[in-house]
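Whole structure, please, built from the sequences with the hints as guidance.
Now for the letters of each chain:
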Amino acid sequence: MTLATRPAILLVIALGYTLWGGALVALYGVLSLGCVFGWEEVMLGPLTLQRGLLLLLWLLSVLVIALLAWQTWGWLQAARADGQPPPLPRFTLWLAAACSIAAAGATLFMGLPILGASACI
Amino acid sequence: MNEPIRPASPVELHRDLERIWGAHPGLGQLAAVNHSTLGRRFIVTAFLFFAVGGILAMLVRAQIATSHTAFVGPEIYNQIFTMHGTVMMFLFAIPMFEGFAIYLLPKLLGTRDLAFPRAGAYGYWCYLFGGSILLLALAVGAAPDAGWFMYTPLSSKPFSPGINADVWLIGITFVEISAIGAAVEVLVSILLVRAPGMSLDRMPIFAWYMLVVAVMILVGFPPLILGSILLEAERAFGWALFDPTRGGDSLLWQHLFWIFGHPEVYIIFLPAAGMVSTIIPVMAGRELLGYRWVVLSAISVGFLSFGLWVHHMYAVGIPHLALGFFSAASMLVAIPTGVQIFSWLGTLMSGRPRFNVPMLFLCGFFFIFVLGGLTGVMVAVVPFDLQVHDTYFVVAHFHYVLVGGFVFPIMAAAYYWMPHLTGRQPMFQLGYAVFWLVFIGFNLTFFLMHLTGLLGMPRRIWTYSESYGWDWLNLLSSIGGFVMTIGFALFVLDIVLQARFGPKTGRNPWGAGSLEWATPVPATNYGFASIPTVASRHQLAEDPDLPRKLAAGEGLLGFTRRNWLETIAIDMITGEPRQILLLPRRTFLPLWTALATGLFFVSLLLQVYPLAIAGLVITIAIFWTWTRHSARTADLGPLPVGDGTTLPVHTESGHAPSWWAVVFLLLADAAMFGSLLFGLIFLWVVAPGWPPPEILSDSTAFALIAMACLLAAAGLGRLALRAARKGAVGRALVWNRFLAAAHAATVLLLAAILTTAPDPTAHAYAGVNAAILVYVLIHAGVGLILALHVWQACRRGMVSAARSLDLMIGQLWHDYTAVAGVIGLGTILGVAAMIAQAGAGG
Chain A
1 MTLATRPAIL LVIALGYTLW GGALVALYGV LSLGCVFGWE EVMLGPLTLQ RGLLLLLWLL
61 SVLVIALLAW QTWGWLQAAR ADGQPPPLPR FTLWLAAACS IAAAGATLFM GLPILGASAC
121 I
Chain B
122 MNEPIRPASP VELHRDLERI WGAHPGLGQL AAVNHSTLGR RFIVTAFLFF AVGGILAMLV
182 RAQIATSHTA FVGPEIYNQI FTMHGTVMMF LFAIPMFEGF AIYLLPKLLG TRDLAFPRAG
242 AYGYWCYLFG GSILLLALAV GAAPDAGWFM YTPLSSKPFS PGINADVWLI GITFVEISAI
302 GAAVEVLVSI LLVRAPGMSL DRMPIFAWYM LVVAVMILVG FPPLILGSIL LEAERAFGWA
362 LFDPTRGGDS LLWQHLFWIF GHPEVYIIFL PAAGMVSTII PVMAGRELLG YRWVVLSAIS
422 VGFLSFGLWV HHMYAVGIPH LALGFFSAAS MLVAIPTGVQ IFSWLGTLMS GRPRFNVPML
482 FLCGFFFIFV LGGLTGVMVA VVPFDLQVHD TYFVVAHFHY VLVGGFVFPI MAAAYYWMPH
542 LTGRQPMFQL GYAVFWLVFI GFNLTFFLMH LTGLLGMPRR IWTYSESYGW DWLNLLSSIG
602 GFVMTIGFAL FVLDIVLQAR FGPKTGRNPW GAGSLEWATP VPATNYGFAS IPTVASRHQL
662 AEDPDLPRKL AAGEGLLGFT RRNWLETIAI DMITGEPRQI LLLPRRTFLP LWTALATGLF
722 FVSLLLQVYP LAIAGLVITI AIFWTWTRHS ARTADLGPLP VGDGTTLPVH TESGHAPSWW
782 AVVFLLLADA AMFGSLLFGL IFLWVVAPGW PPPEILSDST AFALIAMACL LAAAGLGRLA
842 LRAARKGAVG RALVWNRFLA AAHAATVLLL AAILTTAPDP TAHAYAGVNA AILVYVLIHA
902 GVGLILALHV WQACRRGMVS AARSLDLMIG QLWHDYTAVA GVIGLGTILG VAAMIAQAGA
962 GG
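Chains as they are written, first to last, in the working numbering: chain A, 1 to 121; chain B, 122 to 963.
Not one of these hints is a red herring.
Residues from chain B shown here face chain A by an in silico Cβ test under 8 Å; the list is partial:
id, residue
1, Ser320
2, Leu321
3, Val416
4, Leu417
5, Ile420
6, Phe424
7, Leu425
8, His441
9, Gly445
10, Leu453
11, Met693
12, Ile694
13, Thr695
Simulated from the structure, these hints should not be mistaken for lab results.
Backbone N, C-alpha and C fix where the C-beta goes; we use that ideal spot for every residue, glycine too.
Below you can see the structure in the form of structure tokens.
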């Protein structure tokens, strides 16, 4: 049994953007904690501890949501290829895949300022 | 006895259904719980509040039309602009789209009513009474005066010592009961109470929008409700929460407010976009272009709108990188909004648009909303926002968004659905004059405000010097405001003339394909005489004879049975029929409950706390009696619905709508709890004056026992449910008794911790700790009440292997309480330990 069964598919539709929201809150939270506890002053090679943590968190978030997008896209392709009536309306599978892809793109774009903006000023 | 009674003719069926579903005339109308009646009441009441908000806007424009106007002084002016914003946002916009949704959704979804008619009626009374508190305060000169977002410290006791701020905090919280109730009702109804065959991909686009909006309300409103409760606790009892001299922080209020406040803009816009997406295809004579892309866009806007809240706080001193995150999210939301706009334009371009009054208002919507969206992207860019922050540029921007994105579509919707509401056609073509007066007046008023803002005029000032050169712009803006008001007055006249004297209309005057036009017009109380089986998103377009067939009782449930109010609940994904939903009849219970709730809120406002407790007890007692309607002492078994199909009634089904309602209510509850924990961590990390002088100690054992009790209650609830499902009601009663004892013990333990905990008035740490303890205590208390209710149901023979819904609902609550309790108490203990360790280390 996969997640692509009813009514769990509604949760899958919401999952990508929920993870995006979690990533936003986590990035903002780590940034706030880092500025309070002085992580911007601790160097880890070419990066500060603060920026290293943020980069890690951001890329991990993108990766997780991209994997979700990959999985949901796979369900959609399988439903298209089978020739059998899918267990769920194709529309819901399409929506799950599209929401996950959009959420992955949104997470990627949202974290771009980590590459340049000053952290605690 | 449970067999259907098939009437001899469609007329007789109509008469029987009307007798069962309708309310008695005169005072009996106050007992109405029907969605058509409630929808109309919400719409009319919201429009009356709109008129009040409009008059207040005229007073604002009169005051600042020229420099040094001596119309009103600063104290009254503060009340006027605060009430204008408050009334328009909370008493007009939200209830107005709720009214349309309540009226339209059952008809669009091909069903007879929403899932919880009494909750809808209760919500309406809460809205009316809560709004009346605010207007009464305005009439006696004690209205809120700290701005519609009530920023602390201005709204804190030292700077707002009167009752004004309390009126806002308590009145708006009262009104928000209505919004939360409506959101749960709408969400469950869209997911479960649709015509058989209406799978998710066949759902009307308006229902998709309302589905998104309902979830947004459930997640977005609780932070504001929490903020209001905390601020009122600070004002009334001196708790330290937002006061920086006692470890609090004003920014916590801003966060809690805008986590609600920014999604709120989209909560208002998305229903209007749903109406636009419904009307445009009808006017263009073709189906909506890119249906599934529009659904994707609505979902995307719903989620992304929660990532923008800090863009209202760019100027408070947040690090550049954090600003970057929120600026990026602010830009992202323009993409799905743009997809919707291109879908609408594409639908129009590929169809044959009819240019009538609704279409004219939609054109006005396009023009104004796109301009508002463009200035929105401008203020999403941090450096520009810092230049225009708190100036009239921002006032212009959000009026373009809100009036363009909500008022114009609502007026299009009013003209489009008026024949449905009244059964009559418009007269004299006054709508064209209404449009041009409102459109020209609006742009004259607000376009010029961009310039006034760029010239540096700050918001909320009650007067200014002529030397600034703002006079001519303000005068023209005020003239524009009055032109717009004449337009709205003409709109009222047009609607009244149509409702009273307009020529009768036939069914489906616009040639639409959606199901609301398959009902009789004006709408009957039962909506559909029989329920359609849906095979397409445009069922009416594909079967123009559908209204006659349904009226003749040829659909499902085309009969009466034991005077029950019956409709069908379905599988939320595929649309297969699953249950017969037995709905409650007309009753005064919602009115009495709302009056008791009003007693609670008014007593809080007047600080007569014994009376407030009495109001709360009466409210709970009346709610207790609500369950009588669905209580049965024998199983009904599967019943025929027509077409050879039999279905169980909802009380004998696994996951009835009421079970789902509690799931979604707990989602809102979790949002509030999450906000509370965020508050504690935010203050700990950001606020000055930490660590606190005194931390929680000597309560660890009590807290651990309370956590064990909560976990035990959840486990005992499962045992009781399992026993009931096996038909062993006696054993279920025993487990339930232990469950009640576990909750009672938790209440006592938490009360004991509260009496020895640090003083919540001394430091914000103690204030938030006390709030978390009270939160868990209330949940355990409600768990106790639910256990007592199950005890009564078991004793009266209302529980059986098939009828275990009460226990299932209770189980949800006990599980949630256990999880929230363990997290809450664990957080309290963990934070205390860390602060103690840091203190020892330091």
